[in-house]
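Engineer: My numbering applies: residue 51 is where the sequence shown begins, and numbers increase by one.
Worth double-checking, as some hints may not be accurate.
[Claimed, not checked] In silico SDA-like links for lysine to any residue, alpha-carbon gap of 25 Å or less:
#	residue 1	residue 2
1	Lys108	Asn86
2	Lys76	Gln52
3	Lys108	Pro128
4	Lys76	Gln102
5	Lys76	Leu56
6	Lys108	Arg61
7	Lys76	Phe113
8	Lys76	Leu106
9	Lys108	Ser72
10	Lys108	Gly89
11	Lys108	Ala73
12	Lys76	Glu109
13	Lys108	Glu122
14	Lys108	His82
15	Lys76	Ala54
16	Lys108	Val69
17	Lys76	Ala55
18	Lys76	Arg64
19	Lys108	Arg95
20	Lys76	Gly114
21	Lys76	Ser92
22	Lys108	Arg83
23	Lys108	Gln125
24	Lys76	Leu105
Keep in mind that the hints were calculated from the coordinates and are not lab data.
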Amino acid sequence: GQLAALAGAPRGARQVAWVLHSASEKAQLPWHRVINSQGTISLPRMDGYEVQRALLEKEGVRFGLRDQIDLERYQWQPRAKRTQRRKS
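Can you build the whole structure from these sequences, using the hints too?
Structural biologist: Pasting the structure below:
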């Protein structure tokens with residue numbers, strides 16, 4: 051949802067997922083960094099879940115209970131929000 055909203059289509063999360071899936075290899079997009087709003091990987095375990103998790107863990111992302119990540123810590127924020135968060 052966050053990428054779709056930034057692209058001007060706040061209800062276009064599925065379309066963003068499709069674009070990332072279809073263009074990731076050719077354009078070398080970091081598809082593995084896209085997770086759902088609950089902080090979990092949306093892919094079924096048989097369809098790339100383990101690959102996505104391994105790539106995230108390789109980048110230092112830690113998974114907690116119920117295979118969730120801490121969105122407060124890992125979710126991308128625009129530069130202004132990152133600066134505000136560091137000051138508080």
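Engineer: Where does the structure disagree with the numbered hints, that is, which hint numbers, in rising order?
Structural biologist: Numbers 6, 7, 20 - these are the hints that the structure violates, sorted from lowest upward.
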